[in-house]
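Peer 1: Here is what each chain is made of, one letter per residue.
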Amino acid sequence: MTTRTATPIFRLSEVDNPSSLVERFGSEDPLRLDCGVDLTPFQIAYQTYGTLDSRKANAVLVCHALTADQHLANRHPVTGAQGWWTTMVGPGRPIDTNRFFVICTNVLGACMGTTGPASTNPATGKPWGLDFPMVTIRDMVRAQAKLIDRLGIESLFCVLGGSMGGMQVLQWAASYPERVFCALPIATAAKHSAQNIAFHEVGRQAVMADPDWRKGRYIEEGTRPSKGLGVARMAAHITYLSEKALHRKFGRNLQDREAPTFSFDADFQVESYLRHQGMSFVERFDANSYLYVTRAMDYFDLAADYGGALARAFQGSRTRFCVVSFTSDWLFPTADSRATVHALNAAGGSVSFVEIATDRGHDAFLLDVPELFATTGGFIDAAARARGLSPVPSKGASADLPRERRERAEETPALSATRIGSRR
Amino acid sequence: MAVLALPEISPTRVDLLTVAEMVEPGSRVLDVGCGDGALLKMLSERRGVDGRGIELSQAGVNECVAKGLHVIQGDADTDLVAYPDDAFDYVILSQTLQATFAPRTVLEHMLRIGRRAIVSFPNFGHWRIRTHLTFRGRMPVTETLAHAWYDTPNIHFCTIRDFVGLVDLVNARVEKAVALDQAGHPVRVNAPWWFWNIFGQQAVFLLRRR
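Protein chains in written order, with the working numbering: chain A, 907 to 1330; chain B, 1228 to 1437.
Next up, chain B with everything else stripped away, as it sits in the complex (with noise of 0.2 Å):
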């Protein structure tokens, strides 16, 4: 069944196959912006998780639906108030964080809703957005941030170091962290944050809390 699952994974979604390492096999998971469900499906099949998840868009819940997986059509930054502390092992947020009205009121609930939280996000202190930005003077748009900045539903966007500020906010602590190239390579392992700042494309933390 292994076969299943990867080529449903983009290129640019390559961060949901580090997300899924993370994932102890056979825990309890809610993933919160699920999408069409392509990671909670790979985490059934190949990690034997219980697995959640909330989505906003109708059709999105109805392909999950139709794949057997329990979801519900919600929103993070209104839903995530509902669950009760310590439901899920994991609570997963990819590529979702920037859309989100409150970003830190959300990694609150996903620390007391799961007894870990993983989040991928991409970088905005990518170099290629700090070169785009510095050099051209507009707001970047990149393959995986494709939208205008009239209509992007990305509207907090941060860097890498803005999201490590964050998680000592919220008295969390990085248990994991990668950070992806372009091609969704790990950045070098033993880098500064300044480097994966720089190099990342994206990133991948692996939270619990304090």
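If we strip away everything but chain A, and leave its shape as in the complex, we get (with noise of 0.2 Å):
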């Protein structure tokens, strides 16, 4: 029998005490979860960028993929990545950081901070594990309004993300109309499909098929399900992209050798760059959160918590709508978007829809796609303008910002237009 050690060999650096901000929840104020139970205490970490004006009326709410973040537009306190979302969201980008004051939290059930399987227990003082209760797409919105109601936020000027960051826009506009002033859910959809939960669940499998899983308990007994782990993100990875992009990228390019080694070493440069992109998502990823926040997307259906019609979720809402998807996306594939536009239209509803033309798969919207800029700078542009804000950046927006944060604010270089992976 292998030796078990008492304290943890290996805990993300992150998960109770971030580095970014973060607000706690007592037990004064409890979550009421979906499944029914009351998560207390909590916590949400969170990013801010920008200054929130005086009306309080320029706020702007990015909601993160499945495995990205609160670190969209700074670098990563564990990767040392540039934040993933520097090509959207930073000064002179379609959300303007000069302009507006956005908020990124990180996800509940997810493990940069915000409570979630990998925190600790109050009741145990060891971590939830499989313990943790069951989110929904719901409870992280819920958590999030539980923030934005902390930073006296009434209502936010918009509210945007792209895949369970898109889910979450739309629970949004369909929990709390009248706080979101315009929203834009990209490469998304109302309700996760059976292809897709299908992906999820081999995800799943590999990790709890790794004997280092431990049945959730690996925390406490020093091992880490990374085999698992990494075998779940390489099998995501690619549906996240595109045959076009994969072909154009790798081809059947071998990696760093001349011919086929007749082995099982990794001699095709996909297979190295699938690989990679495993073993570096273990280093930051917690294997337990990896379900629960997958199990969250399965679950979303937005429709069904509205007697199975969609556009009765949007009725009488006031929110302008702008729905973005891809041509090759076939993760999120444009018919998901075109029925949420339709249920829009039948609400009665403000929105706008364009379909991207490009073969980079659902990762387009984490990309350097001009299309997707012109897209949302336009709709934000009027958008801000029918709300009053003031167009022009005023000097020294960010003065009154702590330096640190200013320069975090300002630090968003260009991202690679080659680059075709990213966190989601």
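Check before you lean on any hint, since a few could be wrong.
Here are the simulated lysine to aspartate or glutamate pairs, EDC-like style, with alpha carbons at most 20 Å apart [unchecked claim]: (1) A:K962 with A:D1287; (2) B:K1294 with A:E1084; (3) B:K1294 with A:E1277.
If you only want the chain A side, here are some residues facing chain B, beta carbon under 8 Å, derived [what the hints assert, rightly or not]: (4) N1251; (5) S1256; (6) V1260.
Label pairs and their in silico Cβ distance ranges [unchecked claim]: (7) B:Y1377 with A:I1144: 40 to 46 Å; (8) B:F1362 with A:G998: 55 to 61 Å; (9) A:L1036 with B:D1304: 49 to 55 Å; (10) A:A1104 with B:S1284: 40 to 46 Å.
I should point out that these hints are in silico values taken from the structure, not numbers from a laboratory.
Cβ coordinates follow ideal geometry from the N, Cα and C atoms, glycine included.
Two chains, each in its own frame: build the complex with the hints.
Peer 2: Structure below.
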């Protein structure tokens, strides 16, 4: 029998005490979850960029996708990589941090400082593991709303996000229509498809099949289900790309060799790339969080909460919507976005919709796709005019921010156009 | 603000002004094939309408969205079916009918979705087209119909009289009709259909369900 260490040999550093901002909610302020459990205490880790104006009218909430986090426009505290959405958010970007106050929270169930299965269960003093209650997209949004309350913001100028972030956008618009002036759901769907649930199940089974998973108690047992989580990430990563993008980037090229080795070594570049994606992922992500957050996506079916009619979710909504999809996205195909658009039309909503032609697959929302920025920039500008937000960034808008935060907000180098894999 | 809209309307699209005059101020409008949004913008600024658009091209949609208009990328032939009955006061189809795959179905959907439908289209019965075809023996290429036959998006041309026939067929009533000459001026108002059918370069119809 292997030695069981009493002290964990590995634990993600940001789980309980994140280096970002964090808001803690005590027993007086529990979070009622869809599964019926009152989660308390809990905490929400978040980042902000830019300055909240005096009317508190310029707040933008960015919702992150499955495995991304609140560090959207600053260096990541664990990996050191630049923020995951610096193409969209930053000075002079469509979500201009000279103009808007941008908030991004780590979602409920994740592992970068918001309460999740890796967090310490106050009842036992040990990590929650699988004792953590199941969370839903609606729970994530409820938690965000509590943070927005704490920040004293009555209504958000914009809520936006791609993929699972887009699910949160739709949930925000349905749950709190009066608090969302405009909404930008990108590459997303109002329900998770059977195919997507199937892919998620493959990933979860890979994690749980790893003997180091230890029925979810790996942190206490001093192990890490890195192989299982790595395989889950590799399989998922394929779904974020497109056949064309893979072909263009890798073709059948061999990795650092002249000829096949007649072995199961990573002969092909695409294999090497996927292995790298899997390995780097496990350094920053908790395996149980992966189970919980994928499950939250699987359970998402907005229409089901409204008697099966998606239009009812948006009835009477005055929110301005701009729905965006990508032609080569086979994970959240355009048909999913059209279903949302048709429901919004049926509800008499204000909706714009663009399907952007690109061969870069689902990941396109994270990449340097000029049409995406033209669409979102145009939509945001028009909505800001309608809300009466000042069109010209005021000089020294970030002057009253602490120095460190100001530097972060200004640090937005352009992403390489050839980059095809990213955090979601 | 009224000065904004006029310069954006090219002389060949004076039908847009005629269309705009048919729309009651403050109504709800769906513009099918709204292009860069010139009509929707004019309607919203001058008539205070609550406008929506459908446009096929991504470039057109982007222009519209940047103007603050609510426009979805879509196709008149496939996307009208998703709209509920009576969702709009007016459904407008300007210079697009002839480019649809199923003009009759499109017109029926328009009359279902909107209390009224406004349709403008180029008249293939115009005397210049007739003479072009008669004397040259080739498909006409004119200022308003600028494509050669092999690459034209216009697959269902009709004359004014053809259109009046379709209106009967789909059980609609003509509330108002205007034929415009080459300069965009209305052709004599009380003229009979055959006269319009020869001298109208384009026509604008205001229809409602019977």
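Peer 1: Hints first: check each against the structure and report whether it holds.
Peer 2: Hint-by-hint comparison with the structure:
no., hint, result
1, A:K962 with A:D1287, "holds, 18 Å"
2, B:K1294 with A:E1084, "violated, 24 Å"
3, B:K1294 with A:E1277, "holds, 16 Å"
4, N1251, "holds, 6 Å"
5, S1256, "holds, 5 Å"
6, V1260, "holds, 5 Å"
7, B:Y1377 with A:I1144: 40 to 46 Å, "holds, 42 Å"
8, B:F1362 with A:G998: 55 to 61 Å, "holds, 60 Å"
9, A:L1036 with B:D1304: 49 to 55 Å, "holds, 51 Å"
10, A:A1104 with B:S1284: 40 to 46 Å, "violated, 35 Å"
Hints 2, 10, counting from the list given before, are not met by this structure.
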